[in-house]
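Read top to bottom, the protein sequences are chains A and B. With the numbering used here applied, the first sequence covers 1 to 725. With the numbering used here applied, the second sequence covers 1 to 725.
By construction, these hints were calculated from the structure, which means they are not laboratory data. All C-beta atoms in this analysis are idealised placements derived from N, C-alpha and C, irrespective of residue type, glycine included. Check each hint, because a few of them may be wrong.
[Claimed, not checked] From the structure, some residues in chain A lie toward chain B, with a derived Cβ separation under 10 Å:
no. : residue
1   : E308
2   : K313
3   : E484
4   : L485
5   : G487
6   : A491
7   : E621
8   : S625
Protein chains: 2
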Amino acid sequence: MTKQRIPHFATTEEQLCCADSSSRARCRIAIGKSLTLPSCRASFFAQTCCVVLTLLVVSTATADEGMWLFDDLPLDVLETQYGFEPPRDWERHVMLSSVRFNSGGSASFVSSSGLVLTNHHVAADTLHKLSTPEHNYLEDGFLAKSRGAEAKAPDLELNQLVSIEDVTQRVNAAVTGEMPTAEAYRARRAVMARIEKESLDKTGLRSDVVTLFGGAIYHLYRYKKYTDVRLVWAPESKAAFFGGDADNFEYPRYCLDVAFFRVYENDKPASSEHFLKFSKDGAQDGELVFVSGNPGRTQRIFTVAALEYLRDKRLPWVLNLVRRLEILLQQFSFEGDEQKRRARDDLFGIQNSRKAYTGMLQGLQDPAFLEAKREQEEKLLEQLAAHPRLSKYTDAWQTIAEVQAKQAERLGQSVALSRRSRLYRIALDLVLMATEDQKPQDDRLREFRESARESLEQQLFSPAPIYDDLEMTKLADALALLAELRGGNDALVRTALAGKSPRQRAAELIQGTQLKDVEFRRRLAQGGLEEINKTTDPMIRLARSLEDDYRGRRDVAEELQELERQAYARIMEATVALEGTGSYPDATFTLRLAFGTVKGYVENGQTMPPWTTLGGAFEHESTHSAKGDWQLPRSWLEAKAALDLSTPLNFVCTADIIGGNSGSPVMNRDAEFVGVIFDGNIQSLTADYFYSDTISRAIAVHSSGIREALRTIYDAPHLVDELGR
Amino acid sequence: MTKQRIPHFATTEEQLCCADSSSRARCRIAIGKSLTLPSCRASFFAQTCCVVLTLLVVSTATADEGMWLFDDLPLDVLETQYGFEPPRDWERHVMLSSVRFNSGGSASFVSSSGLVLTNHHVAADTLHKLSTPEHNYLEDGFLAKSRGAEAKAPDLELNQLVSIEDVTQRVNAAVTGEMPTAEAYRARRAVMARIEKESLDKTGLRSDVVTLFGGAIYHLYRYKKYTDVRLVWAPESKAAFFGGDADNFEYPRYCLDVAFFRVYENDKPASSEHFLKFSKDGAQDGELVFVSGNPGRTQRIFTVAALEYLRDKRLPWVLNLVRRLEILLQQFSFEGDEQKRRARDDLFGIQNSRKAYTGMLQGLQDPAFLEAKREQEEKLLEQLAAHPRLSKYTDAWQTIAEVQAKQAERLGQSVALSRRSRLYRIALDLVLMATEDQKPQDDRLREFRESARESLEQQLFSPAPIYDDLEMTKLADALALLAELRGGNDALVRTALAGKSPRQRAAELIQGTQLKDVEFRRRLAQGGLEEINKTTDPMIRLARSLEDDYRGRRDVAEELQELERQAYARIMEATVALEGTGSYPDATFTLRLAFGTVKGYVENGQTMPPWTTLGGAFEHESTHSAKGDWQLPRSWLEAKAALDLSTPLNFVCTADIIGGNSGSPVMNRDAEFVGVIFDGNIQSLTADYFYSDTISRAIAVHSSGIREALRTIYDAPHLVDELGR
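Between the sequences and the hints, there should be enough to build the whole structure, so can you do that?
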């Protein structure tokens, strides 16, 4: 499972969202989960977390590089390089056929009745939440034999991008050059909030202002939002994640990493006018293909100082946290089969993160890479210094370096409680909301504005199960971590521990809180600040006692973020002035189009084929003695004789993708569905910083493999029939 | 397996030995291995690593607390509390029956023909080194059906303590109060070296000066040394480490954690005049028992500042390293069955360390514990301050605090290459030796003195297999760690990486070095500095280029160590002056006697029995569905019908033990063997800092279980017959 994790760290914003308890739990991806941004309310993620460094990548786009905006596709490149000219409304059809999982993933409509195809690992969070000790859908799979049997996800939100509007002028008009950093940040935040609110009021559509090219462009994206999302089919995790952690980010692969949902409106399957038809035979070797999805974040504009911060501080720090959580969850899983089931989704995500971050760090630790970047940067700085009008811009690099130094100092101050404990996250949200709701819209923390209320409440009042034992284990570790980071004598640590050991305190909090009861949460939310101040619920009291510290750190983080944003905007300006306008902005967890060709590669003298087959999966199983994660599910073994073993299962292409692209449809020129992205190979993990098509590849499940599996293994002819209808 | 790890961190000395590459690989236990101090040449460990803080624990010894010196047993306590008066020569008999594994463990003679009984996990390093892809003795066990089939361990050294001499006066005479710290350190080191050298020359016995009571007493310990050590029997790891990592440090337990060796002299079984007879029925509930072994290190005298450093800096730091290595080895093991075999011994050790350190940190993070320590310390400081003659002593606490602060700064500077890569360790030793050998004895680094030469060479020229893939994985990670700690731009990092990525560089070094060839090592050692300077071997060149940095950091570490040593000595003086002489010194990986009673306990309302049975092992297996680490080996299943299932297998007692005690014999009043220590329960992990007999317990394999297993499961009647003969 999992791949394409959102490479998500290294900026003030990220630190705000992910390392701190700051805007955090929603962004626990940083040490959380695969590409799926689980528990991240992606609205805020898209708006708050990802937009900061969305900068024009200038004059470097080559070959199949690029995550292109739908309103600005590289038509000349497609024409020159591939002789392809999209027919009229091609982009609009693809855009409307694309779906975003707000929890952090991509997908597409594949029938006119609201059928949505994505990855099993994008669905994993929902599979986990729908499971019980009796029915483990994550492990055993799920199939609704009829529409009535489709199972409602407790807290999914799917978004369909329906319009793009340029609002750059209006945003820029609100911020003047004389404003101090913090004021500029507030002013920008305020005008963006007003634009969103007006749009929501006017259209009823989810409306997000997205910062592109580091603030050179602001887009207003309007989404049709689906919150009644039902599970239709998912295979066993043994099929979806065949080869497990060991095969993750490797190729050749043999994973059926696919799941189906259906969106409903008024308790009926939604009608999806735009959807992708299933290609008859899928894509051929060398064929041009397109990927439509929501890449989370790239950092291709980063300065050397920012990359060094990543390499020397941020990634080592994050990896320590990731490994800590991995071991913790492994140990918890030892306690029994039910514990294993409870921790499994978390553990998969964390292993995926560890592998991804390790790969990224290895890329950065190759001296050759940073040397090349340094040379490039030095050359640019020399040109600027020699330029009469542009020399003043060189201070922006210095600002970035200073911000990195401050980030490094802040690394050790994190309070990670909200990222580990869902109950604490709920408590903190309720506590913050009580105060934020009393403020004017513009002054509120972003996630508490009216435009975001529905998404917030969906998470806050989610009936998804919360397991006391797992919560206790994670909260105890988070409290221990807090004590380690700040030292046992720190006043805040003493407050948090209340004289107990981390384990005793966590047990007391989890056993004592009523927040497991959704109705109790609703009552607290309705009661506002008065109710929050009155309740004796220990988790609320804890969140209340840590609130000031949280707000203080978040303020600092947001100020650093604004400083960085402004500096990168200046770097963009200077670069554009020198080298002309560029090609595509860094990723923002919003809809982009990538393209490339189906293509194998040679690694260490070994030829990797463009695709693998169903038969290859059985061979791969026997090569590994059908041990551990290399056991195919029983359903495959039973169906083997009936299967066409030559059917392609996975394939690779050169399209430029990254975390967030999981579940993205792969299409041919006719916008037919030929596959679904689920991973990148290990060499693609440096795609955060640079694209290469030498041996970096996106990995997809082949359309033919999906169809053959549904028909012959999963006994779901009704789904096969529905595809493309 | 594993338990009783040597809780080994937190002091300058330890940092020198374990976190740095400094005196390091020999002490990789800190992030290395169970109680066995694997790869640590315990001579240096005992002398260099463990002696620093060996301080009188004053006026706190209660109940069964204490790791007593053999020449100063608490006869009054034994008399008053247990009505036991040891017969004439009892201590001497027990002392001469006790054996130390220089690699970090304890054992005893159990026959007159040199038969030595210890833990399977003490033997694991040897089992691993004797194994091949075809014969996996660690997993599958080993039995020599005849003496001729006994298998020579490649690099074991066993020590039998034969005499104790007080040399305090001579050591103290060499150091005057006016000497600066560094000079005092050198002077002390020099006189200790002279005493050792003279003793070695005179007696031919291994001679170690051991610092006790923080320097209040120095003992010269003389050991008969055995280097021809042969493996006689070991069970399968499934029996020895039944329940695996999950059951580790837990009770009730069901582990046959036992192995036999035999020491040889002149190619014949050595005659062991003193040995322990096997008790007929083992120890009964409530019976007084004794434990004779080599506890590694305790820190019961530590000041609050030292404990806070452990809690807030040192342990979190070490745990990050431990978890990093654990994940690395897990990933390596995924690559195949042979990789799993190669990494297994390392992985077991690391998991054991992680669990032990986690338990210790949890103990320290309980605010109640440090509050109690703080009150005690404040009271003592008040009494001192009010005392006309003793008030000057209070600065010692300040010195300790300052040293901790400096240690904290040094944490991030470590170069851990030598702890991860055996080949680099060998290279560094050869490089250091070339220079050290040109100096006068007294000026040399301790491990290069003549008195230590034999032990050094045994390690340096060990034919134990070195696996390229595992070495490469570990060295690449160590290089990456070095880059993370110092930053990728650091000059030393650039030297170490030589323009390559950590993985490329590690591959180049491991593939390029000739150090795998023992003869090449010998030639380099014989060739001295000239040969070292001449060789183009890339590993030697790397060690040479990092040598200055290594020596510089080691100097600083040793100075900090001396400062700390002197401060603790002053604390001792002051405490003794106030409260009178105390009881037993902190542990020093030298022979001690502990005592206690066989006794169950109550935990969370649940009664833990004083012992478990062979039948209980089968029940425990079925409770866990015979899955994962809860599978008994086939030999047990086949023998089940013939076994007396009521035979005791493991038992617990209140004796005061710690890492290094693994393999220690448990004896009754008649000095008969009744069991062998192999673990402590999770509550005992805080024994580093304080002893408690409420629910902390030492866990041992019962003598009756050993005999029944040998007879009925392992078909080894000849060994049963030999026991006690």
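- Message: Checking each numbered hint in turn, tell me which of them this model violates, lowest number first.
- Response: Hints 6, 7 contradicted; others consistent.
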